[in-house]
Amino acid sequence: MGLKQKRVLLSDSKLMKQHSGGVKPSPKQWVQKYADYLFAFASLRIRDEDLARDLVQETFLAALERLDKFEGNSSEKTWLTAILKNKIVDVYRKQASGLGNTVQISDFREEADFFDAENGHWLAGQQPQAFAIDLMDPLGKKEFQSALKNCLDKLPSLWLSVFTMKHIDEEPTKVITDRLRLTPSNFWVIMHRTKVNLRSCLQNANTKYDV
Amino acid sequence: MKKLTESEKLRITYDCKQATFLIEKQQASSLTAMEKRDLKHHLKGCDACVTYKIQSTLIRKLAKKVFGVQENKQPFGKAFKEELQKKIDDKLNG
Chain G
9 MGLKQKRVLL SDSKLMKQHS GGVKPSPKQW VQKYADYLFA FASLRIRDED
59 LARDLVQETF LAALERLDKF EGNSSEKTWL TAILKNKIVD VYRKQASGLG
109 NTVQISDFRE EADFFDAENG HWLAGQQPQA FAIDLMDPLG KKEFQSALKN
159 CLDKLPSLWL SVFTMKHIDE EPTKVITDRL RLTPSNFWVI MHRTKVNLRS
209 CLQNANTKYD V
Chain L
5 MKKLTESEKL RITYDCKQAT FLIEKQQASS LTAMEKRDLK HHLKGCDACV
55 TYKIQSTLIR KLAKKVFGVQ ENKQPFGKAF KEELQKKIDD KLNG
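Sequence lines, in order, name chains G and L. Under the working numbering, the first residue of the first sequence carries the number 9, and numbering increases by one thereafter. Under the working numbering, the first residue of the second sequence carries the number 5, and numbering increases by one thereafter.
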């Protein structure tokens, strides 16, 4: 009698788990449903397409290993994206610790190139001017986004990862500093430098119509 | 909060480096009362930094669009998909 009861209880709890979030993972359909989305997500954040594709593959395979851990509290897409995000941050970390950063920095400038060393005032020629592009015009908006994409693509990897994690993925600062191994001070300097440089890059794109 | 001295006010008036730094901090996080006061004082007298603030906000807003996946059709690739599907099927049937 005791053993039979136990078996019934177990299958009850299994049933409960299945119905808990109402979402049952369907791995056979993952590629068809999510490969394009995840690939786009990764490509925007790391600039190596082949690597992005690898990460998507790794994500699916890693998710297969953890199927039993999927609790159905979020959608499959959200869950898979979270796994992918972690892999992307691992790439960021590798990029940040590598020599790649110092090589790219030549394109971008530090505070001394924008602000007077003594009083911090904008240097002549660096003062922000109004952007020439008419953002009310949908064509103008597209032009601007295209210019912005070009400017973002030029950023050193570390700056881009900080920018993305904060402004796009909206991660808490502490998560970013922990995962990229930055001090809070490093973090804010990067945030500042990145935006000052982006703004300047866009300004130059405007005046040269170099979109 | 202590009142600013004349020389402190003057320093803040010119310090666009600090002002733009605070503008970024405000956007991504929050400012202390003192920082808010300093920034407000600076922006009262600096059109360049007012422009900066507007543009910085705009960049952030439009960057979200640039990263919007709908805007970025990026097909994974038919052959790659087939290969990956096979890997998954193998694992599931494994």
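Because the hints were derived from the structure by calculation, they are not lab data. All values derive from a computational prediction rather than experimental measurement. Think of the CB as a built atom: it goes at the ideal place given N, C-alpha and C, for glycine as much as any other residue. Incorrect hints may appear among the rest.
Said to hold, decoys possible - Straight-line distance between alpha carbons at most 30 Å, and here's what the computed BS3-like set of lysine-lysine pairs gives:
id, chain 1, residue 1, chain 2, residue 2
1, L, 13, G, 95
2, L, 68, G, 157
3, G, 162, L, 69
Said to hold, decoys possible - Partial chain L-side listing against chain G, Cβ under 7 Å, derived:
id, residue
4, 20
5, 64
6, 65
Chain G contact restraint for residue 20 (chain L) - C-beta distance below 7 Å:
Holds, because the Cβ-Cβ distance from residue 20 (chain L) to chain G comes to roughly 5 Å (cut-off 7 Å).
Would you settle whether the hint for residue 64 (chain L) is holds or violated, based on the nearest Cβ-Cβ distance to chain G being less than 7 Å?
5 Å, holds
Tell me if the straight-line CA distance from residue 162 (chain G) to residue 69 (chain L) falls inside 30 Å.
Holds, at roughly 18 Å.
Quick one, are residue 68 (chain L) and residue 157 (chain G) close enough, alpha carbons at most 30 Å?
11 Å, holds
Quickly compare the C-alpha distance for residue 13 (chain L) and residue 95 (chain G) to 30 Å and report which way the hint goes.
Distance of about 47 Å is beyond 30 Å: violated.
Quick check on residue 65 (chain L) please, does its C-beta sit within 7 Å of some C-beta on chain G?
9 Å, violated
Hint compliance for this structure: hints 1 and 6 are broken, all remaining hints hold.
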